[in-house]
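Can you build the whole structure from these sequences, using the hints too?
Protein chains: 2
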Amino acid sequence: MTESHPVPVTLFVCTTCRHPEDGPEAPRAGARLAAALHAPEGVELREVECLGNCRRGPSVAMVREGGWSYVFGGLDAADGSAVVEGALLLGASADGLMPWRGRPEVLKRGLIARIPPVPGIAA
Amino acid sequence: MTESHPVPVTLFVCTTCRHPEDGPEAPRAGARLAAALHAPEGVELREVECLGNCRRGPSVAMVREGGWSYVFGGLDAADGSAVVEGALLLGASADGLMPWRGRPEVLKRGLIARIPPVPGIAA
Numbered sequence: 001m002t003e004s005h006p007v008p009v010t011l012f013v014c015t016t017c018r019h020p021e022d023g024p025e026a027p028r029a030g031a032r033l034a035a036a037l038h039a040p041e042g043v044e045l046r047e048v049e050c051l052g053n054c055r056r057g058p059s060v061a062m063v064r065e066g067g068w069s070y071v072f073g074g075l076d077a078a079d080g081s082a083v084v085e086g087a088l089l090l091g092a093s094a095d096g097l098m099p100w101r102g103r104p105e106v107l108k109r110g111l112i113a114r115i116p117p118v119p120g121i122a123a
Numbered sequence: 001m002t003e004s005h006p007v008p009v010t011l012f013v014c015t016t017c018r019h020p021e022d023g024p025e026a027p028r029a030g031a032r033l034a035a036a037l038h039a040p041e042g043v044e045l046r047e048v049e050c051l052g053n054c055r056r057g058p059s060v061a062m063v064r065e066g067g068w069s070y071v072f073g074g075l076d077a078a079d080g081s082a083v084v085e086g087a088l089l090l091g092a093s094a095d096g097l098m099p100w101r102g103r104p105e106v107l108k109r110g111l112i113a114r115i116p117p118v119p120g121i122a123a
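Protein sequence lines correspond, in order, to chains A and B. In terms of the numbering used here, the first sequence is numbered consecutively and its last residue is 123. In terms of the numbering used here, the second sequence is numbered consecutively and its last residue is 123.
Some clues are possibly wrong.
Same chains, same label: a pair holds when it works inside one copy or across any pair of copies.
Below, computed lysine to any residue pairings styled on SDA-like, alpha-carbon distance capped at 20 angstroms [claimed, not checked]:
no., residue 1, residue 2
1, Lys-108, Ala-92
2, Lys-108, Glu-41
3, Lys-108, Gly-96
4, Lys-108, Gly-23
5, Lys-108, Glu-49
6, Lys-108, Glu-85
7, Lys-108, Arg-55
8, Lys-108, Gly-120
9, Lys-108, Arg-56
10, Lys-108, Arg-46
11, Lys-108, Leu-97
12, Lys-108, His-19
13, Lys-108, Glu-25
14, Lys-108, Leu-88
The set of hints was computed from the structure by calculation and includes no laboratory data.
What follows is the structure, given as structure tokens:
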């Protein structure tokens with residue numbers, strides 16, 4: 001029944017990350033990604049200053065209750081809809097893992113790390 | 001008072017990760033790291049099969065209530081004491097961040113990603 005009652009997902013977007021092609025004065029790709037994101041119901045967007053994935057930014061992270069946490073990198077300012085799609089997949093997942101099947105390509109090749117859930121720990 | 005009442009830390013060690021110098025038949029560096037780790041009071045060791053950081057393993061992740069979650073990579077089977085030291089630093093942190101000062105060198109250069117806490121979400 002999890003499919004019909006998705007779990008809320010918190011979506012962190014690093015606004016400090018630069019795209020390799022960003023000029024030094026240009027708005028940063030991470031900030032442009034955050035600005036372009038339209039979080040639907042069930043996805044709470046939070047901007048953060050650093051997710052520690054500076055080598056392979058732009059970066060986002062996704063966290064949900066009872067599920068794995070994910071960090072993705074190598075994104076582009078235009079990847080907002082793929083990121084939201086991934087967050088919704090994670091929220092709808094019955095086993096707390098973001099399914100590989102149906103996952104946007106940019107979230108397949110851009111996986112940086114994932115962390116298992118810790119039952120009982122309120123992060 | 002947080003310093004004197006550390007928060008328990010869950011330490012995940014990926015046992016699948018190979019060190020770049022591991023032979024194909026050798027026990028994997030991640031498994032050797034896990035086997036050599038002696039988790040003190042306040043640190044719960046959990047072996048996992050994949051933290052998604054396959055490009056830069058061996059990998060560990062650390063999670064605590066009310067704190068940031070961390071993933072480290074580029075480790076070695078001999079880095080167990082540094083990993084435990086980092087977990088204790090995270091557990092003792094008043095602000096939920098692992099302090100840079102005093103952090104073992106291997107956890108400075110090996111930072112893969114970090115995720116902010118989400119109050120109220122039991123991961």
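Structure-based check of all given hints:
1. Lys-108 / Ala-92: The answer is within: 18 angstroms in one copy meets 20 angstroms, while 35 angstroms across copies does not.
2. Lys-108 / Glu-41: Result: close neither inside a copy nor across copies, 24 angstroms intra and 37 angstroms inter.
3. Lys-108 / Gly-96: Only inside one copy: Lys-108 and Gly-96 sit 17 angstroms apart there, 30 angstroms across copies, limit 20 angstroms.
4. Lys-108 / Gly-23: Answer is neither: 27 angstroms inside a copy and 28 angstroms across each miss the 20 angstroms cutoff.
5. Lys-108 / Glu-49: between (24 angstroms within a copy, 18 angstroms between copies)
6. Lys-108 / Glu-85: For Lys-108 and Glu-85, the Cα distance is within 20 angstroms only inside one copy (12 angstroms; across copies 33 angstroms).
7. Lys-108 / Arg-55: Close inside one copy (18 angstroms) and across copies (14 angstroms); limit 20 angstroms.
8. Lys-108 / Gly-120: neither (29 angstroms within a copy, 29 angstroms between copies)
9. Lys-108 / Arg-56: For Lys-108 and Arg-56, both the intra-copy (14 angstroms) and inter-copy (16 angstroms) Cα distances are at most 20 angstroms.
10. Lys-108 / Arg-46: This pair counts as neither: shortest intra-copy Cα distance 22 angstroms, inter-copy 25 angstroms.
11. Lys-108 / Leu-97: For Lys-108 and Leu-97, the Cα distance is within 20 angstroms only inside one copy (13 angstroms; across copies 29 angstroms).
12. Lys-108 / His-19: Classified as within; 18 angstroms inside a copy, 23 angstroms across copies.
13. Lys-108 / Glu-25: Neither way: Lys-108 and Glu-25 sit 30 angstroms apart in one copy and 28 angstroms across, limit 20 angstroms.
14. Lys-108 / Leu-88: Classified as within: same-chain Cα gap 15 angstroms, cross-chain 33 angstroms, threshold 20 angstroms.
The structure shown violates the earlier hints numbered 2, 4, 8, 10, 13.
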